[in-house]
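One point on numbering: in this note's numbering, the residue at position 14 of the sequence shown is 75, and numbering is uninterrupted.
Don't take every hint at face value.
No farther apart than 27 Å at their CA atoms in a straight line, the calculated lysine-lysine pairs in the DSSO-like style are these [to be verified]: (1) K446 / K406; (2) K413 / K446; (3) K376 / K406.
Keep in mind the hints are simulated off the structure, nothing from the lab.
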Amino acid sequence: MTTTTTELSETTLLRFATAGSVDDGKSTLVGRLLHDSKSVLADQLEAVERASANRGQDGPDLALLTDGLRAEREQGITIDVAYRYFATPRRRFILADTPGHVQYTRNMVTGASTAELTVILVDARNGVVEQTRRHAAIAALLRVPHVVLAVNKMDLVDYREAVFAAIAEEFTAYATELGIPDVTAIPISALAGDNVVEPSATMDWYGGPTVLEHLETVPVSHDLAHCHARLPVQYVIRPQTAEHPDYRGYAGQIAAGSFRVGERVMVLPSGRTTTISGIDLLGKPVDVAWTTQSVTILLTDDIDVSRGDLIVPGKDAPQATQDIEATVCHVADQPLTVGHRVLLKHGTRTVKAIVKDIPSRLTLDDLSLHPHPEQLVANDIGRVKIRTAEPLPVDSYADSRRTGSFILIDPADGTTLTAGMVGDSFATPVPTHDDQADDDGWDF
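Generate the whole structure from the sequences, applying the supplied hints.
Next comes the structure, spelled out in structure tokens:
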């Protein structure tokens, strides 16, 4: 019974992000979704109605439900990532509403990094534009498995099916080139509420789901049997009390896969092997634990395990390496340069590192590569080669979004510089030039 309950609780949560160009109606869509799904409190709606009346609007501006910053309301744009939590009888949701401006590309990367679905808005009057392609490319880079193309403002093109069909065909072809596995196109009017929560009475030619129906029914992959099991150790529990004189447990959140009592495991980076003698979950022993559960694992042998170590199955261990090649999005105002000394945080482990090379910078407009740019500035996406002071057991980002990702940190002040994804950029890699290795001048 425990297993069934756990699996059900995992599959009822969907993390998704929204993205779109400026004035595509993204915040209005999110507001409409929250309003029509009865996920807005009465006092919140009253505040929006008052703010809308003060601005001379006849009805409530639902975009104000998500644009919470004063600058956002004054300019009518989204600046920061806004997280919203809501639920329907069929599923719980965590929504990341991300900005549309080019200069806030890093914010979309942050919001979509944990998403299982991304809703990309397009203005039906403008079709697929440069920012649409940029957001699709970011979704592909982040390996978001499901993308919804919401063709908004259909009311302004007289709800014409031909307009929707042309936009859907163009976007789907581009998404296929990027290797996005699943694209669903939905014609909507966020302002009027067409096909957001309720089916549209004016687009009888469309027989697909509404946005909410698709969010409630899209399959969320939690097939743990095919995941590489990984547990980054966060804390060693050693109470040394009269009740538990010999208890030694290794606590952390399971990043991927599952662990069972009696399973043979390896502790990295030491490479020592042992057997799981027990698993504690919420203070009670269990036989098996899954992804995202916070557990304490007990081992048969008394070996050296500390924070930052990684517990993995003995037959499914990643290769530890000091040389990492990855796609990164630079999020800091300070540029990232060749030779930059940084801290690399992977899971619960942080090590010293140096940026060895920046082979290319990606131009998201047309997916072209600018070779050897020497530096990446804020919002740039590019390829980097990094040398770490200690070996790290990293997975490919394509295999595990949790253990295939990392961040680079400024050692001087702790500022996050860069978010990285280990391995190939896209599921269908973009052709690159031949990089020439240069190993001279390394300290470690």
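Hint consistency between K446 and K406 [alpha-carbon to alpha-carbon, up to 27 Å]: holds, 15 Å
Agreement of K376 and K406 with the hint, judged by alpha carbon distance not exceeding 27 Å: holds, 25 Å
Given hint K446 paired with K413 - CA-CA distance at most 27 Å: holds, 14 Å
The structure shown violates none of the earlier numbered hints.
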